[in-house]
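> First to last, the protein sequences are chains A and B. For the first sequence, position 102 matches number 102 in this note's numbering, and the numbering has no gaps at all. For the second sequence, position 273 matches number 273 in this note's numbering, and the numbering has no gaps at all.
By construction, these hints were calculated from the structure, which means they are not laboratory data. Hints are not guaranteed to be accurate.
[Stated by the list, open to error] Partial chain A-side listing against chain B, Cβ under 10 angstroms, derived:
| no. | residue |
| --- | --- |
| 1 | P84 |
| 2 | N103 |
| 3 | A127 |
| 4 | E129 |
| 5 | V156 |
| 6 | V164 |
| 7 | A173 |
| 8 | R176 |
| 9 | L188 |
| 10 | G190 |
| 11 | L214 |
| 12 | A215 |
| 13 | W216 |
| 14 | A217 |
| 15 | R218 |
| 16 | V246 |
All residues carry an ideal CB built from backbone N, CA and C; glycine is no exception.
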Amino acid sequence: MSNDKSKQGGDRFPLTRWSVIGAARSSNPAERDRAMDTLCAAYWKPVYKYVRLRWNRPTEDAQDMTQGFFVQVIERRLLDKFDPAKSRLRTYLRLCVDSFVMNEEKAAKRQKRGGNVLHVALDFAGAEEELGGGAMDPAAIPSPESLEDFFEKEWVRGLFELAVEDLRKYCEANERERTFRLFEEYDLSGDETISYQKLAAEYGIPVTDVTNALAWARREFRRGALERLGDVCGSEEEFQREARSVFGWGAR
Amino acid sequence: MKSLSDKVIERLRAGAEEPDLTGTRYRLLERVARGGMGVVYAAEDEKLERRVALKVLDVPGTDGDLANRLMREARVLARLEHPGIVPVHDVGTLADGRVFYTMKFVEGQRLDKFIEGVESVQDRLRLFLRICEAVAFAHARGVLHRDLKPANIMVGPFGEVLVMDWGLAKILRGEQPGVPLAADPEATILERAKQPGEASDSTKSSVITGHGTVMGTPGYMSPEQARGEVEVLDARSDIFSLGALLRFMLTQKTPGFTPRLDRSLEAIGRKATAERPASRYPAVQELGQDVSRYLDGLSVEAHPESIFEKLTRFYRRYRFFILLILAYLVMRVILLLVLKR
Chain A
1 MSNDKSKQGG DRFPLTRWSV IGAARSSNPA ERDRAMDTLC AAYWKPVYKY VRLRWNRPTE
61 DAQDMTQGFF VQVIERRLLD KFDPAKSRLR TYLRLCVDSF VMNEEKAAKR QKRGGNVLHV
121 ALDFAGAEEE LGGGAMDPAA IPSPESLEDF FEKEWVRGLF ELAVEDLRKY CEANERERTF
181 RLFEEYDLSG DETISYQKLA AEYGIPVTDV TNALAWARRE FRRGALERLG DVCGSEEEFQ
241 REARSVFGWG AR
Chain B
1 MKSLSDKVIE RLRAGAEEPD LTGTRYRLLE RVARGGMGVV YAAEDEKLER RVALKVLDVP
61 GTDGDLANRL MREARVLARL EHPGIVPVHD VGTLADGRVF YTMKFVEGQR LDKFIEGVES
121 VQDRLRLFLR ICEAVAFAHA RGVLHRDLKP ANIMVGPFGE VLVMDWGLAK ILRGEQPGVP
181 LAADPEATIL ERAKQPGEAS DSTKSSVITG HGTVMGTPGY MSPEQARGEV EVLDARSDIF
241 SLGALLRFML TQKTPGFTPR LDRSLEAIGR KATAERPASR YPAVQELGQD VSRYLDGLSV
301 EAHPESIFEK LTRFYRRYRF FILLILAYLV MRVILLLVLK R
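Okay, chain B solo, but in the shape it has when bound (with noise of 0.2 angstroms):
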């Protein structure tokens, strides 16, 4: 036979990555994003007259493995309801064999683009609790999330924030909130074979090897979990994805924004990011408690003040007051000399 060019080779591959919907009732719009494991269509449900994201996976497990695997990622998604977590709708299965499974299309921006328009600390802030939020709901359901990054939080048109990509995420015993959480080895919702150039792209990709070893990606990946330390997992290592990624927020140099990282800032983040979990917040509500301190003008855990410090956060807090106070006071002394003469 005549023999294959690079362009039908390339032809091939786009047609053989494309799922086949038939006998589903979901009819296939275009391709959305590609996620570790595999793609993710816009489709419409036929049958509710709805559009949905759907999500393939690349290869047909030969033992139900991934397929099960998938499956347990989707009951994971299912008992997260949340406004900050997308919702599933449906799994099933291709007539190729692939898995699938279905979920709110989600129509908004990927946080890193979002936060390029948010011109303020504060804002940024705002938001990052709101990620913090749907964080704290899963470890309080006992799920950990071990991916997040920039790239998988989604803002809303309505300004929703949207926690994705549920893929490498792990049941944990226990669901006492504050409480920190003990992974369960052998809970392992999803593992992902390693990407081709994964491990060099060091702030998108996920970086993955085998069973109950390492997931995550290179910057936001707790040093434990980089370590394939699995078993010993638990809330702080999410803890420590959230650090970096108010890092980020708060760093990203975009048009309009400064980065600035005051004293109790660095302090939040650093402690967050610490080296050993047990120097972390040891549940996220800590975390997102000391972001409030700080957007109230309070002092925070991280960071113990100096005298001077604390003046300068009371005089910055009572700013007005203060200002007041000692505008009278001139205006009294002032009365004062002028009656004595």
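Chain A extracted, bound-state conformation (with noise of 0.2 angstroms):
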């Protein structure tokens, strides 16, 4: 997957490892577009439950706010004041969630007043209907203790179902359709009853094959994952530290 997302490059510009802070501060506007893609790619969702839940904005409300401020983050560059050792990303882009909600009027009229689009489809309808089909619980309500648990929760929500995403059109890409599909059923059904012998009847191959498969899958899921993460690190130390956290490592 890594070496065919190396491949796309050609005409798009190489978005490297730790590069989306660099690129976002770049003065090529086409760089600054790619890596604000990246970012929004990877964060719009947990900053639109957020404001939801945190702000407990309407939807619409929500859905404005939420594509205004990345448009924000764009047009004031608000990438170039984020320092890696200080902070981390998450942490820093919530705050920054927080200050545009408070001022979200000015942020409005900066909205009108700037030409900045975002290039990144954002299915609010998907993403209202995970927070219970507008119907909001208060319980699910996040204290303000737990805030930043609630934001890093949903970015790595967010951030393994793009990585789930590459993956399935990796595989409908090089016919590998029943691979994902075995993961599917495996991996992400939250099926508790599937084992690796039932998965082999159905699919009529022996539980080596369905093994097999499944250990690709999870390991072309991980390197996915990662190289998401990594776009959205700003440096190796960064990236190391998020793997550990996003993955749970060393808290199990």
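Using the hints, build the complex out of the two chains.
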């Protein structure tokens, strides 16, 4: 999958690891756009859910604010002020969201003035469904102390979803649909009763094939998630730290 | 796509952690433990048909640096051939880029669990001496452990003691036993990224920062190590950890064991864990010798005795003979009195 990704290069600027922060600060508008797309793809959902829950904003407002926030990140070059040595990108962005929401009216005006648009499709309906179909469960509203945890959890969810989607696309492009289906049924369905034997019987293949397919899919999923993570980290050190946090290494 | 539930995320995490041993001679058996940098699994060496412990790094290095550092850790272990140090068998890279090494599979208990069944101070001290022997050997080979703590000591089924987890080890200059060894700042074997929540766990976790700075475990790491003074670390830093370990072994309350630290043992612990390295034992051998002297009922270097303490110790050591002589003298007196009548 990583090879595939690098092969995509050509007319696209090479978004190498740890480059998103640097690219977002670039004077080249095309580079900045690509960097922002990467950042937006990884963060829009946690930002949207955070605005909905933390700031208790109605759906439409939260959608506008999410889009407005990323536009403001571009226009006001907020990433220029980010210092990986001082904080995590996630924490920095969350604090920027807080500040943005508090100044929403001003921000909305800027959004109208500016000509920037987001190139990433934001599936707000899907995000809303994840929040409980619009009916907010008071128990789901995070306490002020757990906001950081909530934002992190949603960010990990978003990152894993992107990595799964990458894997699906890669499998489709490389005639490995069956491998992805096995992965989907065993690792993504949440079905506790599924077993390698059941899958082998269902697909009419030996259990060792199921084992190998799943080992491959997990390895590629892991590689994809780490690549996505690397894209939004500012340094090797931050990447190592974030990888441990995202995968729960050291916590279990 | 459908959103991933918390349960699915946990499953993906577990699946992503599992090493893919395709192309190696090993077959995965089970997860055994988690270390600072990665996970230790039990695996089967299919060529030699034996069980080994396989340690896999969490994150693939992006520039080979991490891999090199793990290789160096393995090489440190390889140079430490001692019955008290777990031997390394093999080093390699998995298909996903993660580096691993295999070592002897140690079946046994961690020290903190094992001592629950050791009821006498003497037996605990003898166990401690065996740890000292392994650490002294490493120092003699120019290697500093830097993370000595109960969780890193294993006791095998036959009472063999093994010092584990040399992931934070440091190569030292000079190899003469008894001479304080100076740390080589360029020879750091491995630094790890700080783990989430590690700093808050004062007994179990290791605290790490960036390159060449702090690593170790609060409560067990020396003050100079905690300050990140890598270049001044020497054997006395491990001696501090051994002193903390000694205290742990003698004060850990377990069924059948009442913690007891008399003045001599207290002094040994105090000297080993002195704030200033210059006030500590200069070498592990000297710490071990003091503990041995205590076990033999002799005075210890760490504690200058008063006359009363000397007499008390003399009495304890030769109690049998003293009582025998006293009994003889009493008998003689009684005999004399009887004969005078």
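> Which numbered conditions among the earlier hints are violated in the structure presented, ordered from lowest to highest?
Structure breaks hints 1, 2, 7, 8.
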